[in-house]
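Visitor: Letter by letter, the chains look like this.
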Amino acid sequence: MEGQNMQTAMLRPPAGGAPGVDAPPAVALDDIAISFAIPGRPLFKAVAPTSLHVREGEFVSIVGPTGCGKSTLLNATAGLLRPAGGRVSIFGAPLAGLNAQAGYLFQQDALMPWKTALDNVAIALEIGGTRRADALAQAQDWLKKVGLARFGDRYPHQLSGGQRKRVGLAQVLVRGPKILLMDEPFGPLDAQTRQIMGTLLLNLWAQDRKAVLFVTHDLEEAIALSDRVVIMSAGPEARIIGDFPIDLARPRDTADIRLDPRFHELYRQIWNQLKAEVVKTYGEDTP
Amino acid sequence: MKIHPGKLLLLQILVAVVAIGFWQFGATVPVGGTYLLPEFFFSTPLDVMKRVVQLFVSGTIWKHLWITLTETVLAFVIGSAGGVAIGFWFARKPILAAVFDPYVKMVNALPRVVLAPIFMLWLGLGIWSKVALGVSLVFFIVFFNVYQGVKEVSPVVLANARMMGMSEHQLFRNVYWPSALSWMFSSLHTSVGFALVGAVVGEYLGASAGLGYLIHQAEGVFDVTGVFAGMFILAAFVLIIDWGVTRIENRLLVWRPQPAGEQA
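Protein sequence lines correspond, in order, to chains A and B.
Mapping the first sequence onto the numbering used here, position 156 (from 1) lands on 156, and the numbers just tick up by one.
To convert, count from 1 in the second sequence and add 287; that's the numbering used here.
Derived from the structure by calculation, the hints contain no laboratory data.
Wrong hints could be hidden among the right ones.
Stretches of chain A that chain B covers, calculated by requiring three or more beta carbons in the stretch to come under 8 Å of a beta carbon on chain B [claimed, not checked]:
#1 102 to 108
#2 121 to 135
If you anchor each label on the Cβ, the simulated ranges turn out as follows [claimed, not checked]:
#3 R41/A with A396/B: 31 to 39 Å
#4 G92/A with V443/B: 29 to 37 Å
#5 V386/B with A255/A: 53 to 61 Å
#6 R131/A with L540/B: 27 to 35 Å
Here are some chain B residues pointing at chain A (derived, C-beta under 8 Å) [stated by the list, open to error]:
#7 M453
#8 Q457
#9 V462
#10 L521
As the structure is a prediction and not an experimental result, all values here were calculated from the model.
Ideal Cβ positions, reconstructed from N, Cα and C, are used throughout, including at glycine.
Taking the hints into account, I'd like the entire structure generated from these sequences.
Guide: Have a look at this one:
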């Protein structure tokens, strides 16, 4: 297990951030610290200074126990949350305000309930100035890609949880973001739907290979989808404690890949490290 | 607990028949020398019905209905517009809301009927004093609903819209506005009802036309039949307006999940 510690150390970019020969990473979080002010309590340090880089075209998952601050890292990348310290750079440029290059698929339902599925996707283009007719045509196209061609006129409450996620995915992807941020997007879904959604996501991703930062508490899901799995420790002052390249061949089917011996090997290796953190979280939660 | 619709209707009619039968009996058949419901105080169902028919046949009622309807619609439109505008403004400017909070509460705590004489003094006996009374009722209902609606927009929907790149103006059009409208429409029945209450109470207190005026005139000459006839017409009027509101609501809020068991 010493090798992993080495990897953790290597995560930190060289001091001074001298530009390398490579293109700048799609997402660079350097020494990001996140804390929350809770009235009447000392400052809650959710995430200790942490660094994470996501290269262009790379699919990276962040896995960690509940409440470890995985989502806050995502929000910092999206520009929804200002980190207490450190730098966020997107394609080499420091992030100011919201991250316009990123699409964000939220854990909870984020569709506008007063718009139909089609309108929910089309609005993402319309606000950018696309003509309504064009926006509708492209939206219909995307609904087809996520397998909902015939559901355009439904309102979100008339769709199942999985269907709403598909609409959400279409809504995010229709804008063609260069970076995809996903916060336990398939968390509320049942196991079968999750695998189907995972495969759908990989198929869509394979077409143009965006940089993906995918947050999940499900290690199997993370391994099945990713190029790299990053493990976070239990909060408070959570940090990245492991970084594992996933060398499974692509294209993958998220259901079949779980039967691969290499999958099990990776799973065992990562779980050994994660287990200690999970135990720690539960240990701290019980008074 | 399921009941056959035909049977339900039959039972509902039965209630009306029993109630009206009891009324007719109490008013016309003496029990031990005294009437249970003396005609002078209670009139009789037959007389009331005759009066209603007569009001419609002679055509005198239309003018009164028209006046009351006009007042109600004006009170609703003006009160809603004001409530939406101010509600929106306050929700987006928390400091403003905080400054005005005690005054809003104070005015809202005031029973609005006491404002009627003031409005009459200011605006005269015409329709506008009634409209003002209705507005003072409708405004606060809509205001509180819209205020709540804008403040309670789902933070996830909002964050999602922001990540899409919506400007403040686009957020207003696509997120805040529909959300506030849905809250406004959820109080549509109440606010339309209050607009009507404002109109009728205003007419009752001093007017030259309208259903409230009609009832007040009849009461002034101990014409109980006239009072009941006016009440009956008023009730039917409210039911028709309510039906219309329900139609509008169903049209505008198709996107909302139907609460279980509410669809009759």
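Visitor: Tell me the hint numbers this structure goes against, listed in increasing order.
Guide: 10
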